[in-house]
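What follows is each chain in one-letter form.
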Amino acid sequence: MILTVNNEKAFVATGGQVFDNSKPTVVFVHGSGLDHRFWTLQTRWFAFHGYSVFAPDLPGHSLSAGVPLDSIEAMGKWLVAALDSAGVDSIHLIGHSSGFLIALEAASRLDSRLKTLTAVASAESIPVNEDLIVIAESSASAGADLMLKWGFGSKTQLGVSAVPGMQPIAISRQIMSDNPLAIDLRACRDYAASNAMLNKLNCPTNVILASEDKMTPCKFGLELATRLGANVSQIDDSGHFLPIESPKKTLDAIKSFIGKHTD
Amino acid sequence: MGKSSFLGEETIALHSGYQPDPSYGSRAVPIYQTTSYVFESVDEGASLFNIEKGGHIYSRITNPTVAVLEQRIAALEGGTGAVCTASGMSALFVAFITLCSAGDHIVSAAQIYGSTATLLRYTLKRFDIGCTFVAINDPDALKEAIQENTKLVFCESIGNPGLEVSDLPAISNIAHERGLPVVVDATFATPSLCRPFEHGADIIVHSITKWMGGHGVAIGGVIVDGGAFDWGKYGKHPTLTEPYEPFHGISFWEEYGPSALVMRIRSESMRDLGPSMSPHTAFLLLQGIETLSLRMQQHVENAKQLTRWLLEQGLVTWVNHPDLPDNPTHRVAERLFPKGAGSILCFGVKGGRDGGGAFMDALVLSSNLANVGDSRTLVLHPASTTHSRLSDEEMKATGTSPDLIRVSVGIENIADIIKDFKGGLKAVERLLK
Numbered sequence: 000m001i002l003t004v005n006n007e008k009a010f011v012a013t014g015g016q017v018f019d020n021s022k023p024t025v026v027f028v029h030g031s032g033l034d035h036r037f038w039t040l041q042t043r044w045f046a047f048h049g050y051s052v053f054a055p056d057l058p059g060h061s062l063s064a065g066v067p068l069d070s071i072e073a074m075g076k077w078l079v080a081a082l083d084s085a086g087v088d089s090i091h092l093i094g095h096s097s098g099f100l101i102a103l104e105a106a107s108r109l110d111s112r113l114k115t116l117t118a119v120a121s122a123e124s125i126p127v128n129e130d131l132i133v134i135a136e137s138s139a140s141a142g143a144d145l146m147l148k149w150g151f152g153s154k155t156q157l158g159v160s161a162v163p164g165m166q167p168i169a170i171s172r173q174i175m176s177d178n179p180l181a182i183d184l185r186a187c188r189d190y191a192a193s194n195a196m197l198n199k200l201n202c203p204t205n206v207i208l209a210s211e212d213k214m215t216p217c218k219f220g221l222e223l224a225t226r227l228g229a230n231v232s233q234i235d236d237s238g239h240f241l242p243i244e245s246p247k248k249t250l251d252a253i254k255s256f257i258g259k260h261t262d
Numbered sequence: 000m001g002k003s004s005f006l007g008e009e010t011i012a013l014h015s016g017y018q019p020d021p022s023y024g025s026r027a028v029p030i031y032q033t034t035s036y037v038f039e040s041v042d043e044g045a046s047l048f049n050i051e052k053g054g055h056i057y058s059r060i061t062n063p064t065v066a067v068l069e070q071r072i073a074a075l076e077g078g079t080g081a082v083c084t085a086s087g088m089s090a091l092f093v094a095f096i097t098l099c100s101a102g103d104h105i106v107s108a109a110q111i112y113g114s115t116a117t118l119l120r121y122t123l124k125r126f127d128i129g130c131t132f133v134a135i136n137d138p139d140a141l142k143e144a145i146q147e148n149t150k151l152v153f154c155e156s157i158g159n160p161g162l163e164v165s166d167l168p169a170i171s172n173i174a175h176e177r178g179l180p181v182v183v184d185a186t187f188a189t190p191s192l193c194r195p196f197e198h199g200a201d202i203i204v205h206s207i208t209k210w211m212g213g214h215g216v217a218i219g220g221v222i223v224d225g226g227a228f229d230w231g232k233y234g235k236h237p238t239l240t241e242p243y244e245p246f247h248g249i250s251f252w253e254e255y256g257p258s259a260l261v262m263r264i265r266s267e268s269m270r271d272l273g274p275s276m277s278p279h280t281a282f283l284l285l286q287g288i289e290t291l292s293l294r295m296q297q298h299v300e301n302a303k304q305l306t307r308w309l310l311e312q313g314l315v316t317w318v319n320h321p322d323l324p325d326n327p328t329h330r331v332a333e334r335l336f337p338k339g340a341g342s343i344l345c346f347g348v349k350g351g352r353d354g355g356g357a358f359m360d361a362l363v364l365s366s367n368l369a370n371v372g373d374s375r376t377l378v379l380h381p382a383s384t385t386h387s388r389l390s391d392e393e394m395k396a397t398g399t400s401p402d403l404i405r406v407s408v409g410i411e412n413i414a415d416i417i418k419d420f421k422g423g424l425k426a427v428e429r430l431l432k
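Residue numbers (numbering that gives the first Met the number 0), protein chains in the order written: chain P, 0 to 262; chain Y, 0 to 432.
All the pointers check out, no bait thrown in.
Straight-line alpha carbon distances no greater than 25 Å define the calculated SDA-like cross-link-like pairs of lysine to any residue that follow: (1) P:Lys-22 x Y:Leu-47; (2) P:Lys-8 x Y:Tyr-243; (3) Y:Lys-52 x P:Val-231; (4) P:Lys-247 x Y:Ser-40; (5) P:Lys-247 x Y:Ile-56; (6) P:Lys-247 x Y:Tyr-23; (7) P:Lys-154 x Y:Ile-30; (8) P:Lys-259 x Y:Leu-47; (9) P:Lys-247 x Y:Tyr-31; (10) Y:Lys-425 x Y:Asn-367; (11) P:Lys-248 x Y:Glu-43; (12) P:Lys-247 x P:Ser-232; (13) Y:Lys-52 x P:Gln-156; (14) Y:Lys-232 x P:Thr-3; (15) P:Lys-259 x Y:Glu-43; (16) P:Lys-248 x Y:Pro-21; (17) Y:Lys-124 x Y:Glu-143; (18) P:Lys-22 x Y:Glu-43.
Hints are computed from structural coordinates only; laboratory data are not their basis.
Here chain Y stands alone, though its shape is the one from the complex (with noise of 0.2 Å):
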């Protein structure tokens, strides 16, 4: 179990990574728009270069004002460190590659995001890299999954948008047996509602431009190191436990043991790649990263609520939440979600495909458009775009289907949300007449 702090989730929230900078004094965290930074002497230079010392290069690799948020979000989760990226997207990206190269194998959950499916899918197999999608909470089906040459174990706490939550006790005890890391998307819990190392995962990787921003100004993404993870134990991960040429032949496991994951994606993917956080996206972050422990209850409140509202709906087909107990993963959820399994419910309404077309479009108050997590309640229609690159047999493996409404519950007044789902129900019942 990862410990960061010994301040409350809400202290750090507001403080952790930043102290009132010695030259002005400022309360906010500055935005340090700069690309590089002076160099004290050529020696400082060189060291910093050949990483004998911390501290800031160029902007694509660290940033002061991108730093803070790392380490505010390392706090949070209780991991030894953490790098922002330009977005969630890339943060996965890195996560795999920093762990695996041609030849390797992932095994993921088969219920999660469909750019995530298709990344793993089709982008990484153009790379060697290849992966077996897996119903995660079977653990017959993930152990035959897993073969020599795999690397790491993938799922999202809470599959998007099937909602089925991951047991990640259960995959992290399988995958550890096996010398593997567990690789957790933890986009639809955040921190404040489940904490993946305290039960067993290694990485953990978020979209913060969700509920950890939650005002949907910024796109970023994140990758926190949990630091347990015994990488000199198995030897099965040689780009952290073999000699990286590119400084020296260093090997990260010896060097920085707890934090050598991030030390290589910062030495290689940060480097390399450059998929880096501006310093102004990551300002805005940290704004809504402030408030986060406040938003999530009122997120789980209202989803609450209005779950149990459209349950007594009778053009809605049927409803799915990980908080009810027709949800097959409702005890993961109990056990792992105790103030509540985020804000996103799903539902479906009469009329099918066009019953859900309707409904969305009779909406006001909420917005039809590819995004979840913000403080604003939004709805989407995955068959349609999100997951639309998908087979309808892909479809049914992530958990999706024709009529599925998806809605991320924001922070209004619940009875003006459901006031808005009223108008979308009333239009249902125009185009059954």
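If we strip away everything but chain P, and leave its shape as in the complex, we get (with noise of 0.2 Å):
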């Protein structure tokens, strides 16, 4: 669906479904340079068992028009400011990597309406190379593989696929290639305010950790795992892409949780 957010237009992904603000909302939050398509293969199935789903691009990324935001801050509120202008009102809260910092600065001001946030490959801060941030100005495209290359696990680099005859490298790569990947990472970088954002949390919570991250290695996730006395699962196999790389554990991670709190 399409959305007016901040006058400008905003894509949201509803999973195949027509968006129903009545039900709970699972909302998904994409990390650096990705968009809505990285989580395809969770978003339908959650839209096809009783749940609405809500995956944006953020402003600037791939179908979303607009300037992209430079902070995490700034994609927060324009998070809040899109859940706001579709009437959500129950809230389940999924990021990835950065798109999990995003989550958590949104959190804050969602106040009652978030029931559950989940962590999908992420930290509580992730600092990112200042070469990997230079090379992704002159082209997003080497930036980005720079990123595929040390971001997926080794099935994938061999080319296996969860999805027959797709190749997730090159399919993430097209998507990162077309986005405003440096901004991204500059804002990832930048976030500082985790730490005030996490001690105002009050919902359950939920960490997912793959095996084979070397981007947000899994002793990072789980001192923010141990930090929210988060319900916490790892992924074997897997390096930092998980939704793409292990989409149908990463889906039973993510749906066994909420279902746990859903009513």
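Starting from two chains that each stand alone, build the complex the way the hints lay out.
Given below as structure tokens:
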């Protein structure tokens, strides 16, 4: 669906169903340089199993218009504005990588509307190598290559795909090459408010880790989980790009947690 | 430019798409000779049917062995995904009808494989899909041929049998300026010699029966999606951007983006038409692909040496190969095919059609048959076989002539190939006496 948020058109994937804000809504927030398609193999299941799905492309990304936002704080505010414009009331918020930082920023503004928060392959803070940002500034695809080479697990590097016939690395690269990767990475690097935001959280939390994650290694995800007292699951044989590398296991880890916290 | 893997070409050809299975550790890709797959639960089955999850339902649509081949070819070409089909012709048909509906139009290179020309000229016409054939490297002709209802531009990376190399960057620029994708049949090239996505093409089709398999024992085709074409930008391809009723009004572009084409093909053509590849065929083709790089080096080297030898023979009236300076697309070949422009060459002998016949009938090692890309050397007289349904005028437009002998140079010892051809030329000499 297309929403107008802050006077710009925003694309929000709804998992193939008409959006219904009276249902509990699962909100998926993509990470740096990505878009809603990163969540395709999770969103559609929720949309056909009693939930509404809200998976936006952030401003200036893929199908959403507007200027890319240059801070996690601004992205978090934008997400809340987008949810407000759709009249969403009962929210299960999920973020991948820097998408979790955006979700965290939004969480503090959602109050009782927020039912659960899930971090997928993320951490309390995500440092970004300066060289990577410089390369991404000169070429998003060159930056994407570095991230994908580093980020995907060994099985996917060998061309193994959970979806028959597909190449997840090429799909991710194509999405990232057309998006403002450097701006997103800089915003991720500069975000320093997660500690304050974590202190404000009072909803059930869930942390999903990837055993081969080199970008946000498991130990940082575990530190986050410990601090939150979160439900934790670790998915083996997968790198940082969990939702597209191990879509079924990622979905299972999300849905079992959300299922426990849905009336 | 596409990139599906950070491994080298030779490594991709051996490994991509497969890791030893956890049950038995089979190093070779197993043949999953099964029609169907047990669902874990009713809900799991429903989710697979509704493409909420990835997985296998029925081997007409996907199969684990075929999927390895698809992923391997996608990685070799740098695509986002691939669909294997029963033959190269079914791959072309599926690619065309996925992008075109009744009332639509295709612009195609004139110099293409005879059966593809027939598909475009006659078969698709029955479904009200028109085609205009053009000299594909003539920018003005290409621009002029594009109509309001044109949905794609089609060419072969190396035209069969005229051996003109398509200037993919120039063609792609013109097509993209008009919101059209470029579909390339790259059969004669293989990703070992030219990767069309790196030169602006959007969709690649192969007959993998040929060099990709190399052994001449299995028929197969593949469609590879480059993933770079912005289907949503121009709104010219409603099959990808408009709601598709059989899947609750899904928009493949919105839902899948860079893999929209492959998902539509899988969800429509493979399901409704069923031109699927058998797992056994996929297994055989995988055996060939493992050695693609090594074989292509030998194919190209032998073609170069045979070309040089033919040029020195008095009974040979002409020789054509894109690596020769008098081939009209020689400069393009130098740019796009730095390792050599394939292993097909064409030539004529004195005595015209009869001379050609005498040459071919005298061959012992080389086989006279309707195929190319076998590891063995193959010869053919297109005017009496693959292009026989075309009129003289149409034949000329495709780059064929009555005396043309097409050679698919194999990987035998080059001295043995030349010895065989010497025997053929002796037969021509006897005929002329």
